[in-house]
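What follows is each chain in one-letter form.
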Amino acid sequence: MTKSKDQVKVMVIACERSVNLDKELSGAHGRDLNGVSNAYVVRVPCSGMIQPRMIESAFNSGADGVIAMGCQIGDCHFREGNKFCRERLLGLRPPVIKKSVPKNRLKGFWMSEVQVKEFKQRVEDFKTEVAEELSKEAAKA
Amino acid sequence: MFTTLVRTGQKAILRIEDICNKVMGSEQNILYYHGAMPNFFLWVLFLSGLLLFAYYMPTLEGAYQSVEYITQKIPYGDMIRGVHRFAADGMMLAVWLHALRVYFTDRYREYRLIAWYSGVALTFMMMLIGITGYVLVWDERSFIIVQELEKLLAAVPVIGAGLAHAFINDNTISNYTMSMSFFIHTGTSFALLVVLWIHYMRISRPVVNVTWAIGCLLFGIVLILAGLTPATSGPEAVFTVEPKYFEMDWFYLWLFPVMKILGYELTWLVLLAGATFVVLLPNFVKSKDHEPALVNSNKCVGCKLCSIDCPYEAIYMAPRTDNSRFKEIAVVISDRCAECGLCVGACNFDAIELPFNTSPVVMDDIRIAMGVN
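These protein sequence lines are chains A and B, in that order.
With the working numbering, the residue at position 33 of the first sequence is 33, and numbering never jumps.
Count along the second sequence from 1, then add 141; that gives the number in the working numbering.
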């Protein structure tokens, strides 16, 4: 199934200490990212809490792309959470992500509290990538 | 206002670190090694100190001459002495950087109390090591330091006279004074290792070493400083001459100008108040309710992943006693739990959860956010 960039839905599972989204969320459930269409955010205490099953669940709920976001690598309030998360995304640390998860539409962002603007830009870019990826997948099928 | 100050500090730190990340990459970002840097300098100090130790004589007659001998006759002796001096300054600087970083990023309280308290103790121990180190040179500055310290110790109520006597190690300054300073200087350095062990308690996989590149950079800076501004002695201390020379080392010897301005009693009060303030700092912030992770014994399969991933050594594996087919169960030590959820991320069986934000709740949030009910 091909989708245009605007139709692409993106789920961001974010560490609440990374990019400061306190004032950036709105919508009926307070989970829509301001300024970026079809981007939804769920926040957890640390990116190290993100389970592979949460990522699967996001894809199963209709997300075309999923972003796992933690603080900059090297700086984690809980010392190692973002490193562990990155290793899981790369399949280097158990529990591993299922093969059925489209890894090309899954990405890790490692950004600090102050990078709100940059974050939104990168989400936009990611949506473009996902749209391209979807058309590639459709071409293969 | 206080909170705003801390938040601004944190944002500034994050911005600077971001720039460093772009320049050096996060693997080699020197600012991410703020805790390992003092440790690096400590090893440099131990090694250079060992070389100095081989030739040093802790006597009134021999001390000054032996330091001069090291500086002038031993090959590279002046460099080793310089390295010892500037690595000490570097260590103190790195310690302050480390302390400010953990303070402004809110990483000093609750589950990190042991590290904060032991860190305060370590800093005071370093002061003691640094000050007694300057006694060993036995130039006029050393003489002033000994006299001032004697008065400072004597100003302590009740036990003051005893303390001063213990430090002078005799009734007047003698060879025993030198051996006492030497003992405090080296003995406290080794005691530092014990307190460091306490400092690392409850921290899984502490970052204690800098990378090779950062190590070379730091050592290079120390070498350049030692080469450009050699560490030298002032005139030798002579009892009959009023000592005047006092070259300042602001990292360790700031106490002496303070003493001069405030007097001995007030200096003690300021030191005590400062130490109390720093020790009490964690109490000034109201902690949120403690809701440690909970293990569901029906779901835990004893896979150990959560206990491995826990960054604060708060989870251990215990033998099961409930006739389960699994041998072990994860047990959370509530006091150590930071409520970070790293154990949740490590668990594939929903067997460990944060009570205020369980993984089923997060999954529901994801579905709701995506508009699926």
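There may be inaccurate statements among the hints.
[Claimed, not checked] Pairs of lysine-lysine residues, derived as DSSO-like cross-links and limited to a Cα-Cα distance of at most 27 angstroms, are as follows:
1) 163(B) x 152(B)
2) 23(A) x 429(B)
3) 152(B) x 117(A)
4) 83(A) x 103(A)
5) 427(B) x 23(A)
6) 427(B) x 120(A)
7) 99(A) x 445(B)
8) 117(A) x 163(B)
[To be verified] Simulated coverage check for chain B against chain A, where a stretch passes if three residues somewhere in it have a Cβ under 8 angstroms from a Cβ of chain A:
9) 157-163
10) 479-490
[Stated by the list, open to error] Take a look, some chain B residues computed to stay more than 10 angstroms from chain A by CB distance:
11) 152
12) 170
13) 183
14) 263
15) 369
16) 401
17) 431
18) 452
19) 453
20) 510
21) 511
22) 512
23) 513
Don't read these hints as lab results, they were simulated from the structure.
All figures in this text were calculated on a predicted structure; none of them were measured in a lab.
We put the beta carbon where it would ideally sit given N, CA and C, even for glycine.
Verification of the hints:
At most 27 angstroms may separate the alpha-carbon atoms for a hinted pair to count; residue 163(B) and residue 152(B) meet this at roughly 17 angstroms. Under the criterion of a C-alpha separation no larger than 27 angstroms, the hint pairing residue 23(A) with residue 429(B) is consistent with the structure, at around 22 angstroms. For the hint pairing residue 152(B) with residue 117(A), the CA-to-CA distance comes to about 15 angstroms; that is within 27 angstroms, so the pair holds. Distance restraint check for residue 83(A) and residue 103(A): the Cα-Cα separation of roughly 18 angstroms lies within the 27 angstroms cut-off, and the hinted pair is therefore satisfied.
For the hint pairing residue 427(B) with residue 23(A), the CA-to-CA distance comes to about 24 angstroms; that is within 27 angstroms, so the pair holds. Simply put, residue 427(B) and residue 120(A) have alpha-carbon atoms about 33 angstroms apart, too far for the 27 angstroms limit, and the pair is violated. Annotation: proposed proximity of residue 99(A) to residue 445(B) holds, straight-line Cα distance about 24 angstroms (limit 27 angstroms). The suggested pairing of residue 117(A) with residue 163(B) holds, with an alpha-carbon distance near 17 angstroms, which does not exceed 27 angstroms.
Coverage of the segment 157-163 of chain B by chain A holds. Counting CB-CB distances below 8 angstroms, 3 residues qualify, and the rule asks for three or more. Under the rule that three or more residues need a Cβ within less than 8 angstroms of chain A, the assignment of the segment 479-490 of chain B holds, with 10 such residues. For residue 152(B), the non-interface assignment is contradicted: its Cβ lies about 5 angstroms from the closest Cβ of chain A, within the 10 angstroms cut-off. In this structure residue 170(B) is not separated from chain A by more than 10 angstroms, as the shortest Cβ-Cβ distance comes to only about 6 angstroms.
Every beta carbon of chain A lies more than 10 angstroms from that of residue 183(B), the smallest distance being close to 21 angstroms; the non-interface claim holds. Look at residue 263(B): its CB is around 20 angstroms from the nearest CB on chain A, clear of 10 angstroms, so calling it non-interface holds up. The Cβ of residue 369(B) sits about 32 angstroms from the closest Cβ of chain A, beyond the 10 angstroms cut-off, so the non-interface label holds. Non-interface status of residue 401(B) relative to chain A is upheld: no Cβ of that chain comes within 10 angstroms, the nearest being about 42 angstroms off.
With 10 angstroms as the threshold on Cβ separation, the claim that residue 431(B) sits away from chain A holds: the shortest Cβ distance comes to roughly 14 angstroms. At the 10 angstroms boundary, the C-beta of residue 452(B) falls inside the reach of chain A, the nearest C-beta of that chain being 4 angstroms off. Not every Cβ of chain A is farther than 10 angstroms from the Cβ of residue 453(B); the closest lies at roughly 8 angstroms, contradicting the non-interface assignment. Residue-level check failed: residue 510(B) sits 4 angstroms from the nearest beta carbon of chain A, not beyond 10 angstroms.
For residue 511(B), the condition that its CB be more than 10 angstroms from all CB atoms of chain A is violated, with the nearest at approximately 4 angstroms. Some Cβ of chain A comes within 10 angstroms of the Cβ of residue 512(B); the nearest lies about 7 angstroms off, and the non-interface call is violated. The beta carbon of residue 513(B) sits about 4 angstroms from the closest Cβ of chain A, which is not more than 10 angstroms, so the claim that it is off the interface is violated.
In summary, the numbered hints that this structure violates are 6, 11, 12, 18, 19, 20, 21, 22 and 23.
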